[in-house]
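As you go down the protein sequences, you meet chains A and B in turn. The first sequence runs 1 to 205 under UniProt numbering. The second sequence runs 1 to 205 under UniProt numbering.
Quick caveat, the hints were computed from the structure, so don't treat them as lab data. We put the beta carbon where it would ideally sit given N, CA and C, even for glycine. Please note: incorrect hints may appear among the correct ones.
Derived coverage of chain B by chain A (criterion: at least 3 residues anywhere in the stretch with Cβ under 8 Å from a Cβ of chain A; other residues may be distant) [to be verified]:
| hint | stretch |
| --- | --- |
| 1 | 28-40 |
| 2 | 115-125 |
| 3 | 178-184 |
There are 2 protein chains.
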Amino acid sequence: MGARPSRRDQILDAALELFATQGITATTTRDVAARAGVATGSVFYHFATKPDLIEAVLGRAYVGPDLQTIADRSDRPVRERLLEAAQLFLATLRQRRALLSVAIQAALVDDRYRLRVRANIDDEIGVLAAILDRTPGATTSSLSSRAIAATLLRSLVTTAVLHPEPIAGEHAFIALTVDLFVAGAHGPGPNAGAPSTEILSDSGR
Amino acid sequence: MGARPSRRDQILDAALELFATQGITATTTRDVAARAGVATGSVFYHFATKPDLIEAVLGRAYVGPDLQTIADRSDRPVRERLLEAAQLFLATLRQRRALLSVAIQAALVDDRYRLRVRANIDDEIGVLAAILDRTPGATTSSLSSRAIAATLLRSLVTTAVLHPEPIAGEHAFIALTVDLFVAGAHGPGPNAGAPSTEILSDSGR
Chain A
1 MGARPSRRDQ ILDAALELFA TQGITATTTR DVAARAGVAT GSVFYHFATK PDLIEAVLGR
61 AYVGPDLQTI ADRSDRPVRE RLLEAAQLFL ATLRQRRALL SVAIQAALVD DRYRLRVRAN
121 IDDEIGVLAA ILDRTPGATT SSLSSRAIAA TLLRSLVTTA VLHPEPIAGE HAFIALTVDL
181 FVAGAHGPGP NAGAPSTEIL SDSGR
Chain B
1 MGARPSRRDQ ILDAALELFA TQGITATTTR DVAARAGVAT GSVFYHFATK PDLIEAVLGR
61 AYVGPDLQTI ADRSDRPVRE RLLEAAQLFL ATLRQRRALL SVAIQAALVD DRYRLRVRAN
121 IDDEIGVLAA ILDRTPGATT SSLSSRAIAA TLLRSLVTTA VLHPEPIAGE HAFIALTVDL
181 FVAGAHGPGP NAGAPSTEIL SDSGR
């Protein structure tokens, strides 16, 4: 890989742009080739089918590594790390709005893509849940860590769709949500029983 | 209005179906007319422009009234009402998957539609927040009610996208989230400061 994007990357960039603007269903492999400035055969050389191309677009690196860095700072308070991770997640979804759009469209149209998108967000939920799991003195079970992380991250996906730009007071609003969760997770609180472990995974069915 | 759908409803049904399956951008007014079995002029008679048609699709009744009925049952515990409202919201999003798909697509492509979709979810957030606001003895401020309701409902939107069918243990998972929130809202908990009131509204900027 040199300074110039590889042909494969050119194709993925073109596909991302077209999928986001004109829709996954309406975009043909031929359209992608034309936009990327390559022969249609070149698209098929890299991606045998349109579903393969869609999966490759969805598979492009997400926020995982950066979230992990925040999660690993165990010298910092849980609340601070959760908040910073949530902000980073939201900022990244906004920056990668085209990818967000393609991921949601794909999840809406087809089981195969939906599993891929779930696996992506599932990884991120796991990173956030681990911040809570490693909290000394918390009464949080790994299931409630998971519930907090999943609810927070899934709500930020919708926030990014509805608010492409930050809203006034948004940071404080997210902080309040995190506080309510952290307070609830540390308090005694009513217990909802023992749900099945299947729901520990966002990619599970 | 008789037993048969009006021509306007026929057009809206056809538009909803095509927008959901082939995408808002790729669907022309002519396509909608053909699918509805009416003349293109008839579509323009009811909806002067394609954006007007899209707005009419988005404006179709949402879960508001049913949520309100649950919210109004003040003889029942807050936790129970929140949980039932959340379940109803999720079930409705799943039943109206085509509308969910169109709403998300629309919110992603254009400011005008985004405001409309925000206004819809904003109404529902208000209904849920009111359940918490009227709780005797809760330390919840109207802002934290709003934060709880917004986070919960927005997370359910993403859940409906990623999981078109209920997942095993899902009810207990949502119950746990509600419990964590309710426990946090009733506890002393750290305070996140005083965020701007602008964020009280999901449709605000």
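To see whether the hints hold, each was checked on the structure:
1. As drawn, the stretch 28-40 of chain B meets chain A at 0 residues by the rule of a beta-carbon pair under 8 Å; below three, the given contact is violated.
2. For the stretch 115-125 of chain B, the assignment as covered by chain A holds, since 3 residues bring a beta-carbon within under 8 Å of that chain's beta-carbons and 3 suffice.
3. Chain A is given as covering the stretch 178-184 of chain B, and this holds because 7 residues of the stretch bring a CB closer than 8 Å to a CB of that chain, at least three being needed.
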